[in-house]
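Protein chains in written order, with my numbering: chain A, 39 to 371; chain B, 3 to 292.
Everything labelled a hint here was simulated from the structure, so no lab data went into it.
Glycine included, C-beta positions come from ideal geometry on N, C-alpha and C.
Hints should not be assumed to be uniformly reliable.
Estimated spans, in silico, between C-beta atoms of each pair [claimed, not checked]:
1. B:GLU5 with A:ARG232: 50 to 56 Å
2. B:SER218 with A:LEU341: 44 to 50 Å
3. A:PHE349 with B:SER218: 22 to 28 Å
A short list of chain B residues far from chain A (calculated; beta carbon distances all over 12 Å) [what the hints assert, rightly or not]:
4. LEU6
5. ALA40
6. TRP54
7. ASP93
8. THR117
9. LEU131
10. LEU141
11. VAL149
12. PHE170
13. VAL235
14. LEU264
15. ASP270
16. PHE272
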Amino acid sequence: MARIALIIGALAAILYPIPLQLQGTTYYQTVGFLVLLTAMLGVGWNVIGGWAGQFDFGPQVFFAVGAYTSALLYVKLGVDAWLGLPVAAAVAALICAVLTYPLTRLRGHYFAISTVAIWMIAQPIGATWDYIGAAQGLFIPVKPRGGVVTSALSLQFAGRTKALGYYYAALALFAVTLALMAWVERSKLGFYFRAIRDDQEAAEGIGIDSRLYKVIARSITAAVFGAAGVLYAFWALSVFPEQVLELNWSTLPIMATVVGGIGRLWGPLLGAIILIPISQIMSTTLGTGPLAGRGIDLIVYGLIIVVIAAFRPTGLLSLPWSHWFRRGRAATA
Amino acid sequence: MTELAQALVNGLQMGFLYALVAVGLTIIWGLMEMINFAHGEFLMLGMFGAWWLSASFGLDPLVAIVPIALVMFAFGVLVYRHLMRRVQGGDPFTQIFATIGLLFLLQNAVVAGFTSDYRFVNDTLLQRLGGARLQALGLTFAVPLLVAAGLSLLLFLALYLLIERTEFGLALQATSEDRDAARLVGIRPQRMFAVAWGLGAALVAIAGAILVNFFSVYPQVGLQFTVLAYAIVALGGFGSILGTLLAALLVGVIQSVTVVYLPPAFKDAFVFASYLLIGLLRPQGLFGRF
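Looking at chain A on its own, in the form it has when it is part of the complex:
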């Protein structure tokens, strides 16, 4: 049953942009790109937030680290994006490990604020450090390339296939992230993370080094954010501090995770599919009318989050779907 759903879902995700491409409405491919990017970030945040149970408000720092690392490699050394991506993810994870180890002395709210603190310190550094372009940031020049294969290999799509190319790149990265996290969830690591979340003292009692595993969990999150940052940088063709260090890079994935189901592998995808199109649909339907640009989409986000928190804090995936589904079938039979 689950396998059939997975195959149908994967087929839908692969086929989705093709009619749009024939029609020429590439705008909706970009919506799909943003959904997948947000879902990928949410799957990454789930590791520290959902499984290890530590509230992390500052993963956007590692999104920025990834974006800057790949942009620097490309601009200064001419290293292509796909080669830069594992480097960027590793750098993000390493910086995260060094920064997070001292923070793990703090627990609960204090840990959450300390992740905000790191973000607050990163912002002026990004805005004043000349090597990375200070407030102007770095521009990623598009190099004229040959056919589809070469632009796919260098993660540089332009012109009519730009939206299509980045959609598939996001889909591939999301799929790899999901597969890796599915493996982490079932591995010893995943069980350690959840043991620390459920009862830190008991976990330590059976010999789990809680500080070490919190650092590992957050570094995995950072690696995913770093990789996503690379994709975003090459899509946006520029990296500057106000853009990559924006708070939205943590609030949107966190909200998507919560709406879908925190601690559930597929939760962030469901949440992103619900939340991200809302703002895109709003901006097209409101157009230039009196309510355009008045944050109506964010009011809807706020309402959804408040209602979920008040009535189903474990998220939509935690609703008894299989029970309803079976009862529905029994009734029709």
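Add chain B to chain A, keeping to what the hints say.
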């Protein structure tokens, strides 16, 4: 040398304003141990209320404090009754989500109603004092900030007495320490939490009405104050009213002294660096009791 001394004075004056913003959070977060990420949005509502009353009725922000505090008290109680009470018993994460949702809702409801434009309240009582400067010991004291600092100190004193010296304050403390035991001696915890939320919202809205004399008003104004307020409360030690005041003064001084030596962009970075340093060396905060 005078430059540094002047920075200290300016920092202390700002610190009193920060203290006012943080004290509402001390009650909700520090004392009652509930999370409110919409704290800055309560502040923003207070600021918008003061702007609106001034723009449409010509009410001075200092006079507007009274209606704003009353309305926001009721609002705080409502938020507790209809939202926070539901999420109180469960996972602490749920409180974070609920109030982040509230943050988005309030902030953008104001955007929808008033747009994101910057607004200013002009010609207030405090601003008319604006030209006045006190010169002492070769330092300059801006009178409006001094008056605001005095108001802030007064509110702090009142709150300190309320929490530490009255039966109501003891009941609040008892509720935060052990809800079931409090119930046994006839305290109704739900009512205590509702009043705490009302008080917290009213206090931060009062802070907003005072801040409009010095800051412009726009829907996104809250977040910068929220993050500072959380750092201040944690620095000062949970639930310690005096600690909050001292931590707020410290934060004001760190900001103004940083600006003397580094680009202004770094002023919050140093506040948070100190938070990390103190948090790691002394997790209970500067003046925490445990």
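Each hint, compared with the structure:
1. B:GLU5 with A:ARG232: 50 to 56 Å: holds (54 Å)
2. B:SER218 with A:LEU341: 44 to 50 Å: Given about 28 Å between the Cβ atoms, the range is violated.
3. A:PHE349 with B:SER218: 22 to 28 Å: Violated - the Cβ-Cβ distance for A:PHE349 and B:SER218, about 38 Å, lies outside 22 to 28 Å.
4. LEU6: About 21 Å separates B:LEU6 from the closest Cβ of chain A, which puts it past 12 Å; holds.
5. ALA40: violated (10 Å)
6. TRP54: For B:TRP54, whose nearest Cβ neighbour in chain A is about 18 Å away, the distance exceeds 12 Å, so it holds.
7. ASP93: Since the minimum Cβ distance to chain A is about 6 Å, B:ASP93 lies within 12 Å and the statement is violated.
8. THR117: The assertion about B:THR117 is violated, with a minimum of 7 Å to chain A.
9. LEU131: holds (33 Å)
10. LEU141: holds (28 Å)
11. VAL149: holds (30 Å)
12. PHE170: B:PHE170 is indeed farther than 12 Å from all Cβ atoms of chain A, at 26 Å.
13. VAL235: violated (9 Å)
14. LEU264: Check fails; 8 Å does not lie beyond 12 Å.
15. ASP270: violated (5 Å)
16. PHE272: violated (8 Å)
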